[in-house]
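J.: So you can see what is in the structure, the chains are spelled out below.
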Amino acid sequence: MTLSPGGSLLDVENLSVSFHGAVAVDGVSFSIAPGECLALVGESGSGKSVTARALVGLAGKGAKVRAGRLVLDGQDLRGHRPRDWRRLRGRRIGLVLQDALTALDPLRTVGAEVAEGLRAHRLASRGEVAGRVSELLGAVGVPNPDERRHQYPHQLSGGLRQRALIAGALAGEPELLIADEPTTALDVSVQARILDLLAERRAAGTALLLISHDLAVVARLADRIAVMRAGRIVELGPAGEVLSEPRHPYTRELLAAVPSAAPRPARTFPGSALLSVREVGKRFADGTAALEGVSLEVSPGEILGLVGESGSGKTTLARVALGLLAPDGGEVLLDGEPWSALTERERRPLRHRVGVVWQDPLSSLDPRHTVAKLIGEALSTRHEREPGEARRPRETGEVLSARHSRGIAVAESLAMVGLGPELASRRPHQLSGGQRQRVAIARALAVRPSLLICDEPVSALDVSIQAQVLDLLLRLRDELGLAMLFISHDLAVIRQVSDRVAVMRAGRVVETAHAADLFAQPRHAYTRALLQAVPRVA
Amino acid sequence: MSAVAAEVDARGANVVAGGVMRAGAALVLGLLVLAAVWPGLFTAYSPTEVDPALALRPPGGGHLLGTDQLGRDIWTRIVYGTRLSLFTGLAATALAVAGGTCAGLLAALGGRAADQAVMRTADVLLALPGMLLALIVITVLGPGQGSALIAIAVSEMPGYARMIRARALVVRRAEYVDAAVVLGLPHRSVVARHILPNSLSPLLVLATLGTGTAILAGSALSFLGLGVRPPQPEWGALLAEGREFLATAWWLALFPGLAITVTVVAVNVMGRHLRLRFEGRRA
Amino acid sequence: GGGPPPATSAGAAFSFALNTEPSCLDPHVSIADATALIQRGVVDSLVSQDASGGLHPWLARSWRISKDLKEYTFDLRTDVTFHDGAKLDAAAVKANFDRVVARTTKSQYANVLLGPYRDSVVVDEHTVRVRFTEPFQPFLQAASTAYLGIQSPKGPEGPRCAKVVGSGPFVFGSYARQKSVTLRRNPSYRWGPGAAPVGGGPAHLDTLTFRFLPENATRLGALTSGQVDGIAAVPTSSVAALQADPGVRLVRTPSQGAVYGVYLNSSSGVFKDARLRAAFRAAIDVDLLVRTTHFGVYERAWSILSPTTPYYDKSVENSWKYDPEHAAELLDEAGWTARDAQGYRTKGGARLTVRWPTTQAQESADQRGILAQGIQAAVRKAGFELVRDSVQNGQLFGLVQDGTYDLYDMAWSRADPDILRGFLHSENLPMAGENVARVDDPEVDSWLTGAARTGDEEARRSAYAKAQRWAVDRAVVVPLYVPVQLVAVAKAVEGLTSDPAGFPRFDGVRLPR
Amino acid sequence: MTGVLRLVAGWLARAAGVLLGAATLAFVAMQLIPGDPARAIVGSAPATEQTMAAIRAEMGLDLPLAEQYLRYLARLARGDLGRSFQIERPVAEVLGEQVWPTVQLAVCAIGLALAGALLVAVLTAGRRGRGTVALAELVALSTPTFWLGLVLLSVFSFRLGLLPVGDGEPASLVLPSLTLAVPLGATLTQVLREGLEHALEQPFVTTALARGASGAAVRVRHALRHALIPMVTLSGWLLGGLFGGAVLVETVFARQGLGRVTLAAVVGRDFPVVIAVVMLSALVFVVVNTLVDVAYLLIDPRLRPA
Ligand SMILES: Nc1ncnc2c1ncn2[C@@H]1O[C@H](COP(=O)(O)OP(=O)(O)OP(=O)(O)O)[C@@H](O)[C@H]1O
Ligand SMILES: Nc1ncnc2c1ncn2[C@@H]1O[C@H](COP(=O)(O)OP(=O)(O)OP(=O)(O)O)[C@@H](O)[C@H]1O
Ligand SMILES: [Mg+2]
Ligand SMILES: [Mg+2]
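Protein chains in written order, with our numbering: chain B, -3 to 534; chain G, 72 to 354; chain P, 3 to 515; chain A, 136 to 441.
Next up, chain B with everything else stripped away, as it sits in the complex (with noise of 0.2 Å):
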């Protein structure tokens, strides 16, 4: 499996990291040759980050490291005693964690951050320390670096933090740097910026383990892509060969996974709209003015993209619509009829008509219930209205009683979003992610809404996951005549479901068009950057 390129800078053979007898790294080989960008790409528990972090010796408590070869340089690391992993850390292979928001300590400047690799190594004296933090987060493109480096991480937006945390990596001049998925909490166009930068580290000498789960992502610099799987590796090659004949399934599927198709073709939808927002402004006690003026329509059975880049007011949108909310002006009409304007007491009775599905599945189901009681829940408002219909299951026509009906009931549920009833009596955090967003819509559905609001309903999944999950929303549709308005920060997302897409830029609608149109020509300069950024696979 291993291709073995002269002069590699690292070389792993038969790296395999266990917790407590847990194998997380199942015997993985690579090389890296200097000024190579290596992927690794997997779905999430895959190993790649316990891989990445093996190679500093920062495996993690508890864990037990053993490998056939670990090689940098020359050098064996098998054997490094702490202080020589101390010696090696920052000053030859530099840690780019995964999460910017915690990787920071947030009680400290950046510049000290940024300055603690220079002190370790006696990089820097101590008066030339200030002038190379300076230096260093000026090279990562961040702004007024004289500034900034007084400035703590909270202060900082996330795609600064990022390069401020690149910095830090970078401060030791590293032969091999490693970034740990180093753009997911990224928006799109700051995504493309960091790319840039690692592209530019590349460029400059610096070998890169890029760790991502998205191929599109790591489409764009990889020179050689390591497709990994439940800890093993799967698949090595250089990275046009994988993406464009994956010998393995499992990198057919994740490719599969990213979605590329065209755009739906344009239907129109006559009829009076169910959901119409007219002019809708929303501020928060705090100042924010989160929405300004907003119109959007849904028609029956239309899927309408929301899309923005964080802070837009998608959610805020979501809310308001769903009558959680009220706006500050303008109003919310459901089938013509009033809907923000309503009292609580008078909107329950009609809330049946508006579903929800939110993006964190987990946070979205109360954990102290089973999925039996949580789609009993919803199924119960449901026999509230329908009393005679609901005893009734649909083949016999026979009345049961009420509780042998309710199981009945909830496996039905489940099984029009592909679960089988095994699942009814666990609990939410006993289920897979994609499990649990399953759940999430069976109950939604459980009261026959005729309009769905999805709010990012699958970010929170693996790219295979998601689109499982985006599968079973669009033969929703199909099959019940759903209208949903689909949020998402995902255009290649949006563009796979939706019949129209809004683009919302800082509280404002600054583009509706059908999705065909709008992807071939985005008319909004807003519109144009958002989709230059989209990375693309091959």
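It is worth saying that the hints were derived from the structure and are not from the lab.
All figures in this text were calculated on a predicted structure; none of them were measured in a lab.
Heads up, some of the hints might be wrong.
[As the list claims (entries may be wrong)] Heads up, incomplete: computed chain A residues facing chain G, CB under 7 Å, no partners named:
| no. | residue |
| --- | --- |
| 1 | A271 |
| 2 | L273 |
| 3 | V274 |
| 4 | A275 |
| 5 | W282 |
| 6 | V401 |
| 7 | V409 |
| 8 | S416 |
Note that beta-carbon positions come from the ideal geometry of N, C-alpha and C, so glycine has one too.
For this one, chain B is given, so just place chains G, P and A with the ligands on it according to the hints.
T.: Below, chains G, P and A with the ligands without anything else, positioned relative to chain B:
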């Protein structure tokens, strides 16, 4: 293959120790509950029967832990005291949790005015040391077991109220609560099924630890002569009686003190365990 | 007359630990024993009393008592100077007694000692006449106590209750609450009572410090580790240990006055019935209980008066005894025949419950709480439910005034049998005095009034004997033990004496170096 | 700058609120006491109905409740705490004498507890054997203060005669402050260590290690600051614990101090003293809490006003 780095897992070692400790704590608590319910199971003597002829026997012989000044068996008095000490701790905590929950939910869900009223009151109560609050309550109600119980409950209540409120505010904004609202569930079922249980469960874990504190507080009040009254064999009261004899009959003050310590340690071990488990699951 | 000043060791400092701290240090105001104990060295009295009850001149060189016992005329010494420089004269004495009875003084005890006080008359510069509205025999003895000690007419500066200016061998120095009171030697003292050990001259000690150490263990530890030279209120449980300690000497002085006993409310509740009172008393094995709780240090008591009090009636001894069968008979006879599930006797469905309210302070003193628990257990066997509620001082007083109690315990030291008047005379029902047994019997009243109005020894003896006998026959009291003032001092301490009430006196104390 | 002003204004408002609340609480408590307040003032002394009426008039007990309340607040605002019923002296004086010994005790105890906690926590956080240390701490904080005091007293003072009892000499401060410090220190150690261990598991620590920082540097430069936050948060609790401990320790060791004065006042229902202690505690709380807020700002830049 050779080991590159093998870090010793301190946590693993702890888990073993934790298991042993937990088993010990569970055993102690089990015995305590048994002693509280059927004290007769552990001793043949009466806790209040006086026999001056047997006064101040040292430990050993027929009297495992010796006898007190009126010839009462110390072991028996401690066994019978279990009920009083545990009862004070549990009842005071239950009272504090119940009151704190009502106040906290009122503050979190009852609108601005209720929130202000409840929280400002809680602020004032939290500003005063628990012991001082307890003493004020006793100034009002006079000494006695009932007042000691209420005094401890009052001094712990504001803390619980504040916790419940904070938690309820978080839970109220949780997506699963929004989801329940969107389903069209009536307000009271949203509160009863989702907000209350999820706000309460972390509190119940903390209440276990609170019970330990309450037992200590109860025995302190008895020691000061403000709580359970002799001849009731409450542990703090036994200690108060025994301290006269520190120099001459050490067993009078030693064993009740040990009983308190062992009980509170056991309660704390269990409480911590529950907390770890709870927080572990949430994380 | 003053003797020659004895040689004193320079810088001699003596510290003595007390178990209680009085809330007020002014003996005119306070009722506390500790106040009298501390101020005995600071204030002098008109007369002094010796251990056998004899009365001697002190600030008064001599006195005359009118036939009707209503007027006492004192001839004062002319050479006495208060610590603030004021001279002792008749006006000063008058000012003192007037102050005691003034409402603003809020006297708790000294006014009671003055009884039916009418006024004082300045006869001449050094002659004062104290007049009463009724014959009042106990006055001289009362005048010998520190409570009626003569303070400077100028009075102290600063807060009341904190400092006292007298003419005694010690000058009030400083006071730190919850910590200590310090007295200094009065070098110009010449007018001590003739009987006093120093022969009337100044004290030996330079400073005398009273420390307040309420915890028994702490107080004992302070003595055995040498941090203080002496302690009061040695707990009976430690007597044996202290006796074995070669560095310590134990001084025991039986108190005069009323013994420690439980009084039964004979005017309401179940104890209105004399049979129930007798049954209650017979159910208690006082001998065994006192021996156990006090390790044989205290003697059991038979009468209200302690054996060393003048006119103690020895014939009451062994006139009653522990007899559970007799108790049962009496209870059956009185109709309390049934028993309930807990084993308490009942009559007509009502349980035989008696209430004995107490305060925390009362209970923690001198093992009284333990003793009460012993009584509780003993009478339980006879079928009484004895309920001890812990109440606060004010409440207790309210209960006593309203008569809503069945039992009340106390002891009272005073070296005069007139104390019986307080306990048994109807004019002293709790509103005004300490007749907590609520005895209201004209015959008893006449004995006690008569005794107070006559100077005739025999008449007094027989009247007091009858009263003591009556109290025992009617079982209005269960006398428990005879309190003993237990003081322990370091072996080296010499010259410690005690006053008739049993309290230590320090004017003769010497610390040989 | 306005941010800072707003912050200070907030502190002052909170202080005023807590003090007013404490005063009101004390007033309400006084009204709740069953029976006649005049009776309680007289205490155990015999008194006629006239005396009682005079006292009522003197104390304003015969006025309407609202007026009593306002007068009471006005008196407190003037700093007039009234006279103790029991001791018949101005309350301010009575408390004034007792503050210093309690402060001495508290300062020594906190010092001991903090020093011990810092030492033990930093040395044991995340290391082997901390299970045993943790058990010892658990036992320490589960031990009743009064019992610990008695045991120490009987061993060191009585048996071994090493340390004096009562107060006066500085040496007599050793055992009481130790008694008070043991449970306090044990709790602080646990909180501190938990904070340290939590901080040591944070990604920023891994980042620091990945830059080549040493273990000790990480402990001191990163983790300790984070661990201080929960400690500082605890100071309110610490204060409460100190007071409760002082009541018991002063009783057991027969020391002068506020704790014992309070206890005596409670037993004797000496309201003016109880009220004064309540106000004093509230004041101390307010001051300490403001200091805590300042400490937060120093430790955590995220909380600083923009
Ligand atoms: N400190 C640890 N203790 C125990 N198990 C661990 C530890 N760190 C990681 N694991 C386990 O090792 C496996 C691999 O984890 P790793 O973090 O490498 O996944 P990943 O591929 O980086 O996933 P993601 O894309 O979610 O970051 C997972 O099952 C994880 O639960
Ligand atoms: N409860 C709130 N109080 C104050 N400001 C809020 C609140 N909720 C949201 N905001 C602010 O309103 C703006 C819009 O937030 P919103 O959550 O709608 O964004 P979003 O488009 O959903 O972003 P994301 O993609 O990150 O989910 C943001 O600036 C946010 O900080
Ligand atoms: Mg990872
Ligand atoms: Mg959002």
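J.: State for each hint whether it applies.
T.: Status of the hints after comparison with the structure:
no.	hint	result
1	A271	violated, 11 Å
2	L273	holds, 6 Å
3	V274	holds, 6 Å
4	A275	violated, 9 Å
5	W282	holds, 4 Å
6	V401	holds, 5 Å
7	V409	holds, 6 Å
8	S416	holds, 5 Å
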